[in-house]
Amino acid sequence: MLNKVSFNAIRIFALVAKHGSISLAADELCVTASAVSHQIKNLETHLGISLFARKNNSITLTDTGHSFLSDVSPGLAILEQATEKLFRDSNEVVVRVSVTFAVRWLIPSLERFKHRYPTAKIRIETSGFADVSLDPFSDIAITYRRKGDYRGKEDILLSDYCCPVLSPDLLAKSGYGQPKDIHHVPALKCTENNWDWGLWCAEVGIDQATIDFADQFDIDDAALRAAVAGLGMVLSPDFMIKTEIENKSLIRLPGFEAIELGRYCLQQGVHRDGMVEKFRNWLFEEMAIVSKI
Numbered sequence: 001m002l003n004k005v006s007f008n009a010i011r012i013f014a015l016v017a018k019h020g021s022i023s024l025a026a027d028e029l030c031v032t033a034s035a036v037s038h039q040i041k042n043l044e045t046h047l048g049i050s051l052f053a054r055k056n057n058s059i060t061l062t063d064t065g066h067s068f069l070s071d072v073s074p075g076l077a078i079l080e081q082a083t084e085k086l087f088r089d090s091n092e093v094v095v096r097v098s099v100t101f102a103v104r105w106l107i108p109s110l111e112r113f114k115h116r117y118p119t120a121k122i123r124i125e126t127s128g129f130a131d132v133s134l135d136p137f138s139d140i141a142i143t144y145r146r147k148g149d150y151r152g153k154e155d156i157l158l159s160d161y162c163c164p165v166l167s168p169d170l171l172a173k174s175g176y177g178q179p180k181d182i183h184h185v186p187a188l189k190c191t192e193n194n195w196d197w198g199l200w201c202a203e204v205g206i207d208q209a210t211i212d213f214a215d216q217f218d219i220d221d222a223a224l225r226a227a228v229a230g231l232g233m234v235l236s237p238d239f240m241i242k243t244e245i246e247n248k249s250l251i252r253l254p255g256f257e258a259i260e261l262g263r264y265c266l267q268q269g270v271h272r273d274g275m276v277e278k279f280r281n282w283l284f285e286e287m288a289i290v291s292k293i
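Be aware that the sequence shown starts at 1, since it is given in our numbering, and climbs by one per residue.
Derived by calculation from the structure, the hints in this document are not laboratory data. Every residue gets a Cβ at the ideal spot worked out from N, C-alpha and C, and that includes glycine.
Just the calculated beta-carbon pair ranges, DEER-fashion:
hint	residue 1	residue 2	range
1	Ala-82	Pro-254	55 to 63 Å
2	Lys-248	Gly-128	24 to 32 Å
3	Phe-213	Ala-35	55 to 63 Å
4	Lys-248	Val-72	54 to 62 Å
5	Ala-288	Ser-58	56 to 64 Å
6	Arg-123	Ile-78	14 to 22 Å
Listed next, the in silico DSS-like pairs over lysine-lysine satisfying Cα-Cα at most 25 Å (straight line):
hint	residue 1	residue 2
7	Lys-114	Lys-278
8	Lys-173	Lys-248
9	Lys-292	Lys-153
Given the sequences, and given the hints that come with them, work out the whole structure.
Right under this line is the structure:
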């Protein structure tokens, strides 16, 4: 029976299950809905099972269909990855990274890598979350680990030393003179459960309840832009605000040293040679320079 089962039909089955629609699967495949329906019926016939329940122009997976989808999905992912590898440009590097890290450091720094390797093609995939992970089609992921959540055997790119930063105008009009006056400066929130301020306060010995928290943002970059606009202070490492420090639109809050809040770590996929290896080595070179600033 197995030699009568079409692997293409299994792929089509997975697409129909994904969309919950024969017509949507047909649109993705650029074929007719009747062609997709024919493949599904043939697959069900050869397997001797019903994969979908059809009722009132709708189609849903049966219990057997759910089980079959769960079993075949890993194999289909491996086939897609192997196929992509055959046709993929050997100079391409797929990098997954948070929006803030991409906008604030990686993209402005890419010119240096491209100057060294002009044929390189970098594909950046961003996430709104700092905890970024690899997927089957990415080569490198730069993820963030909070202090206290460090994991063994991870490649550490950079320790994240942060200090409150704010606009000079806000500092001047806030009435802040020394660390005990920190409650005079509004603080901006941009992390889940405000964990960064909680950790920073614990490290420097400040009661978090004494800080005046104002506006909240979903990503660090937005909070940093708000800080430049004078809306409040935000925690940031210097390398993320290099431009703002140089043009003096952001300054450190006087009286405090930078505190380690976490680490940027590198995860690497199955591709470990060629341009991927060059990009990995370049990242470590750059981060070594950043750590000395």
